[in-house]
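Colleague: Sequence:
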Amino acid sequence: MTTLDYVEIPSYATRLQSNVSLSSDVRPAAKITTSLPHPESSPVLSPLSATQFTSPTKGLGGPAFNLPQILLSSLPAPPPTPRNAPPGQLLTTRDPLSIPITSANFRRFVAKSGPIFWVQDRIEEVVMWRKGWKFTGVWICAYAFLCYFPHLILLLPHVILLGILISTHPSQKSTSSPGNDADQTVPPPPPSAGEGSVDWLANLQAIQNLMGFVSDAHDFIYAVVPHLTYSTPYTYHLLAFLAVSFLLLLPLISLLPLRPTFLVLGLAPFAVTHPFVRIHVYPLVASFFSASPSALLPSHLLRARKRVYTRFFRALDDDRLDDRHWRTELRDVELWENERWMPGSSSDDSNGSWNKANLKAGERSAWTRGRDGWGGVLPDGSGDVSSNLTFSLAPGWAFVETEDWRPDMEATWAPAGADEYGWVYTNDAWQDPRPGLVEEWKGRTRRRRWLRRIYYNPVPLKSGAI
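Numbered according to the UniProt record's numbering, the sequence shown spans residues 1 to 466.
A hint or two may mislead.
Unchecked claim - Beta-carbon label-pair distances, calculated as ranges:
| hint | residue 1 | residue 2 | range |
| --- | --- | --- | --- |
| 1 | Ala268 | Leu201 | 33 to 39 Å |
| 2 | Gly212 | Thr14 | 56 to 62 Å |
| 3 | Gly212 | Met128 | 46 to 52 Å |
Bear in mind the hints are in silico, worked out from the structure with no lab data behind them.
Here the structure is a predicted model, which means the values were calculated and not measured.
We put the beta carbon where it would ideally sit given N, CA and C, even for glycine.
Can you make the complete structure from the sequences, with help from the hints?
Modeller: Quick look at the structure:
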């Protein structure tokens with residue numbers, strides 16, 4: 001097994017004494033096993049997949065079940081309130097944790113939360129243009145009117161109450177007979193939805209979706225919290241940026257026209273959610289960030305897209321690193337994927353396919369560790385994508401546990417460039433690299449580089465399999 005050379009050591013460099021004893025340095029390097037990349041199952045630029053959830057009705061005997069009892073079955077027993085607890089604590093000034101109180105309040109909340117979600121639906125109808133441009137245009141004009149006459153905001157409570165009273169006036173009812181509007185009394189709305197009714201179940205469904213939205217928002221925001229608590233090296237950069245930008249923006253605040261600013265910021269959501277933008281603009285943006293190549297983007301935008309994806313996924317990997325990774329040295333190791341084109345049975349050239357099984361006997365393997373395609377083949381010689389690849393890393397080096405193999409999209413190693421997925425195409429002899437296919441080639445081959453980071457860890461891991 002050949003040992004991977006990471007960098008060239010200059011002749012004038014002085015080797016530092018390792019913290020590990022000398023006897024451990026001369027021992028043979030431990031074999032570290034890592035799984036091969038899975039290009040077929042994992043797209044090159046795969047978007048972040050949503051978390052899959054199982055149905056809450058499975059294993060519960062059907063859709064009819066006591067939801068409060070299920071929610072409260074996992075609650076621990078309430079801790080006893082300390083006698084000498086200082087005043088002002090939440091547990092001493094509120095009702096204690098109780099299953100009957102929680103169950104009763106939950107039923108009351110489900111029955112009476114209908115107006116909250118009704119307002120939410122009406123806001124979505126306005127912002128998402130679901131009732132046409134006339135209905136949303138009225139609200140846009142009203143917002144623009146308030147931006148130029150901000151003092152009228154103080155009259156909004158009166159306008160809202162007057163609108164409710166006018167819309168619910170008996171004269172607006174089609175069933176009212178002429179001349180008897182003043183004598184008729186409109187019955188009050190029902191106090192709450194009955195338990196088990198359609199409205200009650202609709203409120204329960206809205207609460208379920210709201211809980212998921214709040215949880216997703218919390219998870220999204222919580223990912224930023226380590227950068228604000230000096231848990232990552234980016235905190236000091238963020239602090240410097242905020243301090244400098246605060247000093248620069250401070251004199252500009254007085255010069256900024258507030259009315260046009262609030263007008264533009266308030267109308268921006270309506271512009272983003274307009275049907276024309278969603279139909280024509282969103283596909284162009286999605287093609288820039290999608291996993292498949294798009295003919296809508298010119299070559300310079302495709303190159304910029306590769307850079308954006310490379311920086312984006314590297315930032316995600318950096319965010320998952322632990323403190324021990326930041327305190328040591330990080331390096332990249334490379335792995336090469338090789339494939340050959342096999343034409344189809346018919347005369348149509350499009351019926352062929354790229355596959356590692358099409359490689360000829362005696363040529364390079366499907367996965368190699370050498371850039372020339374020959375050095376460091378799989379130890380078992382099988383070439384199976386699902387098998388493991390054994391690396392002989394130097395003593396003290398290990399793969400970063402929070403990362404996996406990622407394709408080199410930019411392909412800086414290829415002077416001619418690469419395609420959308422990082423593939424570099426060559427002829428039958430693996431020569432003349434090109435970013436795309438050449439029709440004159442009798443045989444076609446291609447290769448792609450995969451990268452994964454390693455870090456220096458002088459303490460050996462308990463398990464060598466990563």
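Colleague: Against the structure shown, which of the earlier numbered hints fail to hold, in ascending order?
Modeller: 3
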